[in-house]
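Taken in sequence, the protein lines are chains G and R. Using our numbering, you'd call the opening residue of the first sequence number 23 and step up by one each time. Using our numbering, you'd call the opening residue of the second sequence number 13 and step up by one each time.
What the hints contain is simulated information worked out from the structure, not anything from laboratory work. Where a beta carbon is used, it is the ideal one built from N, C-alpha and C, also for glycine. There's no promise every hint is true.
Stated by the list, open to error - Using C-beta positions, here's what the derived DEER-type ranges look like: (1) D739/R with A126/G: 20 to 30 angstroms; (2) A126/G with E460/R: 26 to 36 angstroms; (3) D728/R with L108/G: 30 to 40 angstroms; (4) Q466/R with P185/G: 54 to 64 angstroms; (5) E154/R with A126/G: 44 to 54 angstroms; (6) A126/G with G44/R: 22 to 32 angstroms; (7) H106/R with Y179/G: 53 to 63 angstroms; (8) M726/R with Y179/G: 17 to 27 angstroms; (9) A126/G with F627/R: 49 to 59 angstroms.
Stated by the list, open to error - Within a straight-line C-alpha distance of at most 20 angstroms, the following computed DMTMM-like cross-link-like pairs (lysine to aspartate or glutamate) qualify: (10) K798/R with D281/G; (11) K51/G with E38/G; (12) K24/G with D49/R; (13) K543/R with D602/R; (14) K24/G with E146/R; (15) K586/R with D630/R; (16) K298/G with D263/G; (17) K586/R with E614/R; (18) K462/R with D411/R; (19) K298/G with D667/R; (20) K322/R with D199/R; (21) K24/G with E142/R; (22) K578/R with D21/R; (23) K798/R with D280/G; (24) K798/R with D285/G; (25) K51/G with D29/G; (26) K447/R with D739/R; (27) K264/R with D550/R; (28) K24/G with D299/R; (29) K462/R with D667/R; (30) K298/G with E669/R; (31) K578/R with D507/R; (32) K609/R with D619/R.
Unchecked claim - Taking beta-carbon pairs under 8 angstroms as the criterion, some of the chain R residues facing chain G (in silico): (33) R138; (34) A139; (35) T670; (36) T722; (37) S735.
Next come the chains, spelled out residue by residue.
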Amino acid sequence: MKAYAFDYVRAATLDEALALLERAGDGGKLVAGGQSLVPALNLRLLAPQLLIDIAHLPELRGITCDDTTIHLGAGTRHVELANSPLVAEHLPLLQMAVRHVAHAAIRNRGTLGGNLAHADPASELPACMIALEAVMLVVGPGGERRIDAADFFKGLYETALGPDEILVRISIPRSPAGARFHFNELARRAGDYAMAGLAIAMHGNSPQDMRIRPVFFGIGDRPVLARQAALCLEQAASLQDGLAAAQQALLGDLDPQDDLQADAGTRMQLAQVLLKRGLADLVAQGRG
Amino acid sequence: MTDPLSPLDRPNSYIGRTVPRPNLERLVEGRGTYVSDMTLPRMGHVVFVRSPYAHARILEIDTSVAKQAAGVIAVVTGAELVEQCSPWVGVLSHLKGLKSAPQHAMAVDRVCWQGEAVCAVVANSRAQAEDAAEQVQVRYEELEPVTDMRTALEPHIPVIHPELGDNLAFERSLDAGEVDKAFAEADAVAEAEFVFGRHTGVTLEARAVLADWNPGERRLTVYQGTQAPHMMQNIFAKHLALEEAQVRVVCKDVGGSFGIKVHVYADEMATAALSKRLKRPVKFVADRIESFVTDIHARDHVCKGRIAVKQDGTITAFAIDDLTGIGPYSMYPRTSAIEANQVVNLVGGPYQARNYRARARVVFQNKNVMCQYRAVGHPIACSVTEGLVDLAARAIGMDPLVIRSKNLIRDDAYPTDSPSGLKFEALSHHASLAKLKQMMDYDGLRAEQKRLRQQGIYRGIGIASFIEVTNPSAAFYGVGGARISSQDGVSVRMDATGAIIVQTSLTEQGQGSEALTAQVVASALGVALEKVRVILGDTDNTPYGGGTWASRGAGIGGEAAWQAGKALRMNILKVAGTILQTVPELLDIDQGVVVDKATGRERIGLDEVARITYFRPDTLPADFQAELLATRHYVPRQYPFAFTNGIQASWLEVDTETGFVTLLNHWCVEDCGTIINPQLVDEQIRGGVVQGLGAALFEHCRYDERGQLTNGTMADYLVPMASEMPDIEVGHVVSPTLESELGAKGAGEAGTAGAAAAVANAVNDALDPFDVTITEIPLTPSVILKALGQRSG
Ligand SMILES: Cc1cc2nc3c(=O)[nH]c(=O)nc-3n(C[C@H](O)[C@H](O)[C@H](O)COP(=O)(O)OP(=O)(O)OC[C@H]3O[C@@H](n4cnc5c(N)ncnc54)[C@H](O)[C@@H]3O)c2cc1C
Chain G
23 MKAYAFDYVR
33 AATLDEALAL
43 LERAGDGGKL
53 VAGGQSLVPA
63 LNLRLLAPQL
73 LIDIAHLPEL
83 RGITCDDTTI
93 HLGAGTRHVE
103 LANSPLVAEH
113 LPLLQMAVRH
123 VAHAAIRNRG
133 TLGGNLAHAD
143 PASELPACMI
153 ALEAVMLVVG
163 PGGERRIDAA
173 DFFKGLYETA
183 LGPDEILVRI
193 SIPRSPAGAR
203 FHFNELARRA
213 GDYAMAGLAI
223 AMHGNSPQDM
233 RIRPVFFGIG
243 DRPVLARQAA
253 LCLEQAASLQ
263 DGLAAAQQAL
273 LGDLDPQDDL
283 QADAGTRMQL
293 AQVLLKRGLA
303 DLVAQGRG
Chain R
13 MTDPLSPLDR
23 PNSYIGRTVP
33 RPNLERLVEG
43 RGTYVSDMTL
53 PRMGHVVFVR
63 SPYAHARILE
73 IDTSVAKQAA
83 GVIAVVTGAE
93 LVEQCSPWVG
103 VLSHLKGLKS
113 APQHAMAVDR
123 VCWQGEAVCA
133 VVANSRAQAE
143 DAAEQVQVRY
153 EELEPVTDMR
163 TALEPHIPVI
173 HPELGDNLAF
183 ERSLDAGEVD
193 KAFAEADAVA
203 EAEFVFGRHT
213 GVTLEARAVL
223 ADWNPGERRL
233 TVYQGTQAPH
243 MMQNIFAKHL
253 ALEEAQVRVV
263 CKDVGGSFGI
273 KVHVYADEMA
283 TAALSKRLKR
293 PVKFVADRIE
303 SFVTDIHARD
313 HVCKGRIAVK
323 QDGTITAFAI
333 DDLTGIGPYS
343 MYPRTSAIEA
353 NQVVNLVGGP
363 YQARNYRARA
373 RVVFQNKNVM
383 CQYRAVGHPI
393 ACSVTEGLVD
403 LAARAIGMDP
413 LVIRSKNLIR
423 DDAYPTDSPS
433 GLKFEALSHH
443 ASLAKLKQMM
453 DYDGLRAEQK
463 RLRQQGIYRG
473 IGIASFIEVT
483 NPSAAFYGVG
493 GARISSQDGV
503 SVRMDATGAI
513 IVQTSLTEQG
523 QGSEALTAQV
533 VASALGVALE
543 KVRVILGDTD
553 NTPYGGGTWA
563 SRGAGIGGEA
573 AWQAGKALRM
583 NILKVAGTIL
593 QTVPELLDID
603 QGVVVDKATG
613 RERIGLDEVA
623 RITYFRPDTL
633 PADFQAELLA
643 TRHYVPRQYP
653 FAFTNGIQAS
663 WLEVDTETGF
673 VTLLNHWCVE
683 DCGTIINPQL
693 VDEQIRGGVV
703 QGLGAALFEH
713 CRYDERGQLT
723 NGTMADYLVP
733 MASEMPDIEV
743 GHVVSPTLES
753 ELGAKGAGEA
763 GTAGAAAAVA
773 NAVNDALDPF
783 DVTITEIPLT
793 PSVILKALGQ
803 RSG
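Model the full assembly from the supplied sequences, consistent with the hints where possible.
Here it is as structure tokens:
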């Protein structure tokens, strides 16, 4: 199929992009890497009158680091995340996750901002953002807003972004020393969106100060922080001791639905297996 | 000691050598000519308005708004196009009782599947045609769809074509030997119901056709991605009220076919009819969404099977009851009964058991049409047979390789036949099995499997023996009244510089028809491969023939090329003999030079022979006329089909907690007779295996109960991709057919025939400790977890 006819502008600055977006109203649509948007256009699921290309905005570029925080420009392409030494050093979870995002050709164009704004419930990166307690810097006609990742993802392809706002930067606190991470997903084929996946960030060594954030994706309409399961683990004497209760708690944390790939029961089973394997990995990392 | 020389042992033979395909560079440099990329002056693009319902009456089509849309050339409804294109019925007389209803180029008053075209919009661009198509208003009255093949014959289910009386398109029964007695006397009987998901053959280039009716010469030229140009020439002529001579079908590069492009598609017929109606070129390229609901689907069988076995491992009987749903029409002209018919023919085929009972029923349903896709019927027959053999082995506690070696037809038993009447010239089941066993290190894998099981790692070995129908004679279609040629023709000529031009009726869609033809001709003549240019895919410019389908290119077209090459060699040597004042029998051609046969001494170059022939015929005797063009045709006569055989094995791991299957290795030993180009054969096997693995694990056209395809995109329909594919090791045993000089049989479908069976058997082998048997493909995580009873919530 061919897309409906549309106009196209490449914005030179963030301000220009914002102005264009405001002027275009409902008919405007941002395009970054185009890897989710263009298929939707070609399927005629969307009919924007104007595409505003933000892939080259300088304000959206760059990966930087200060004493407490890593800043990722929303225009950072997946391939840049994968190859960044800063990301490798400070955000190993993201580096692990991005390998699972699509295929090389798509990673060469797709952007972090586009991925988060698209908010596919089976996407890897939104789950990592919640696990890592990222903060989204969003700019709109009214100025800047900062949105916690936990409040950013609202549902199926739905975020807290307003129609006239642009996601500019993602800031992620540097992990404390000794933090451990786990990433795993079950996808039928490499590069596919996952049938079920799990990103875990954990820090603290003694049972008293241990904090763990297991975030599941591909299970519901958005990434889900399994709070009850986390509590079970944080209260247990060890990860292994907490496993059974945490697996049980997933029945309350998660609400999988039937879909083409799997029914709800299968999904819950997969989530429980992922948790078991994730904890085993974290325990092994703790030993190593 | 050396073997005696065969006719194939030529001075500079390319037979048995891996040489690069002549078309390789052109294609990888992006210089192919695919119909999808072609444009002609004044060309219109057609887009079809398709039914959103599986079954509905068309009440009204309002095209008035669409006709006014930008760029629109014409909007034509199905009822209007009847004027240009007559309907067809997909039956063959040798498939007794097969019935179907007339099918039109576009639905006239009723739609019978989701995706059937009802109206055509022709515009200056595809995008404009799509815009206008949205403006066509169709009012439907939804009718009850028939979707479940298991209930399609029940009395309360509507009959899709009331004039046919019921939804049964075809039924065949067979009873050979003493089946009841064999089951009664068996030491063990195993049975299962095998379920095969509907899937399709996803070609890289979608179906594409560009029809150009030229009123000035009253000729229709159709550029089409098709496997059978001469068949299409006949069909276009017949249904557009033309003489065959008024139709030319040109088939240049084709981005994959796999049987998908050997059928008559209603929308392609409509495109040709529109060209005639509008007196201008009209092009149709299916987009991927259309492909999923209109390219033929395949498989979709439920087959109950039983096997009788003695305690010593002797298999005494097979019995099957197969059911398949084919959509609302039997496809034209090859029909949709062939797959079920093949299942009946092939079950039990590799084995000695003489007692066999089979029934197959083919029913109509309101889903996309189904027809022949790579390995037609073989994967069903092989999965049922090999699944049953494994069940029998398990029932008597015998190793799967041992039970096979006890029962496979002996290598010295040929010629022989099967209970279903198939004639086997020479097969090599035991040699193949022995080779497989050694290639895969069977005993080593069994030891590893045992060791890993203790660590909770579940790996399985699956074996599948198979036979493959290749080199089909007229027995396939011709005897049933279809104008589908089973013979092929090849013309070989030498031009004025000594270069060789070959015209063949084979077509090329990636198999390497061009390469094998060039290799055979170069070998027969004795010239360098670079001197040979092959022309194919043009009904005006090639001999008449079948084309490329059903594993026939090398065996039939290759033999015609061999014979034509030999004939031209003799013609050339006659000229050379005249020039050299000797007899042609004492001469030969080596590397483009005429030589003394006995000594190899160079006598005269082919360029010189050509120069004299074409420019100085005055120097030749007055009673001698040189003929530097030879044409030969070939079709097998002695055997209706050249059967090949082989055996595959899969080694995989099942994650019993997630239901995921990881393919670790795959082996295929096959016997396609003479191997012309080992790399091309290996590619055929590997590609075929991958398509079989796709069926085993991934590919599935999933319909809901209203007849809606729910996963018709490349995101939701999972094709096998490189990351999930194991190494595929290919081995060969060579038993040439003696019917032809070349001795080549087909290799195109062997891989697909047995791959899914091997995987299913391996999964069950891996799950042996859990005492479950899964006989359903695709083997998705859900299917496996369900069988293991491992689902939460
Ligand atoms: C075959 C295939 C497989 C894929 N597999 C995966 C996978 O496994 N996992 C996965 O996570 N993704 C996958 N993707 C999606 C891929 O990661 C995309 O790159 C990503 O979802 C979108 O990024 P983009 O830059 O291409 O965004 P675009 O397609 O350009 O835009 C997507 C949406 O985000 C909006 N948008 C873009 N940038 C901004 C911004 N800065 N501020 C506000 N709104 C913005 C756009 O308006 C649009 O609505 C796959 C894509 C394909 C084609």
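Each hint, compared with the structure:
1. D739/R with A126/G: 20 to 30 angstroms: Between D739/R and A126/G, where Cβ atoms are some 21 angstroms apart, the hint holds.
2. A126/G with E460/R: 26 to 36 angstroms: Holds - the Cβ-Cβ distance for A126/G and E460/R, about 33 angstroms, lies within 26 to 36 angstroms.
3. D728/R with L108/G: 30 to 40 angstroms: 37 angstroms, holds
4. Q466/R with P185/G: 54 to 64 angstroms: 59 angstroms, holds
5. E154/R with A126/G: 44 to 54 angstroms: 45 angstroms, holds
6. A126/G with G44/R: 22 to 32 angstroms: About 25 angstroms separates the Cβ atoms of A126/G and G44/R, which means 22 to 32 angstroms holds.
7. H106/R with Y179/G: 53 to 63 angstroms: Check passed, 54 angstroms falls within 53 to 63 angstroms.
8. M726/R with Y179/G: 17 to 27 angstroms: 19 angstroms, holds
9. A126/G with F627/R: 49 to 59 angstroms: 58 angstroms, holds
10. K798/R with D281/G: 16 angstroms, holds
11. K51/G with E38/G: With a Cα-Cα distance of about 14 angstroms, the restraint between K51/G and E38/G holds, given a limit of 20 angstroms.
12. K24/G with D49/R: Given that 20 angstroms is the threshold and the Cα spacing comes to 15 angstroms, the pair holds.
13. K543/R with D602/R: This hinted pair holds, its Cα atoms lying about 13 angstroms apart.
14. K24/G with E146/R: Between K24/G and E146/R the Cα gap is close to 12 angstroms, so the pair holds against 20 angstroms.
15. K586/R with D630/R: Holds, because 16 angstroms separates the two Cα atoms, which is no more than 20 angstroms.
16. K298/G with D263/G: 11 angstroms, holds
17. K586/R with E614/R: 16 angstroms, holds
18. K462/R with D411/R: Holds: K462/R and D411/R sit about 14 angstroms apart, inside 20 angstroms.
19. K298/G with D667/R: 14 angstroms, holds
20. K322/R with D199/R: 5 angstroms, holds
21. K24/G with E142/R: Status holds; Cα separation ~7 angstroms.
22. K578/R with D21/R: 13 angstroms, holds
23. K798/R with D280/G: Holds, at roughly 14 angstroms.
24. K798/R with D285/G: Between K798/R and D285/G the Cα gap is close to 10 angstroms, so the pair holds against 20 angstroms.
25. K51/G with D29/G: 10 angstroms, holds
26. K447/R with D739/R: Cα-Cα ~17 angstroms, so holds.
27. K264/R with D550/R: Holds. K264/R to D550/R sits at ~8 angstroms (cutoff 20 angstroms).
28. K24/G with D299/R: Between K24/G and D299/R the Cα gap is close to 9 angstroms, so the pair holds against 20 angstroms.
29. K462/R with D667/R: Within the cut-off at roughly 16 angstroms; holds.
30. K298/G with E669/R: Holds - the C-alpha atoms of E669/R and K298/G are around 11 angstroms apart, at most 20 angstroms.
31. K578/R with D507/R: 16 angstroms, holds
32. K609/R with D619/R: Given that 20 angstroms is the threshold and the Cα spacing comes to 19 angstroms, the pair holds.
33. R138: 6 angstroms, holds
34. A139: 4 angstroms, holds
35. T670: Holds. Min distance 6 angstroms.
36. T722: The hint holds - T722/R has a Cβ within 8 angstroms of chain G, the shortest such distance being about 6 angstroms.
37. S735: 4 angstroms, holds
When held up to the earlier numbered hints, the structure conflicts with none and fits them all.
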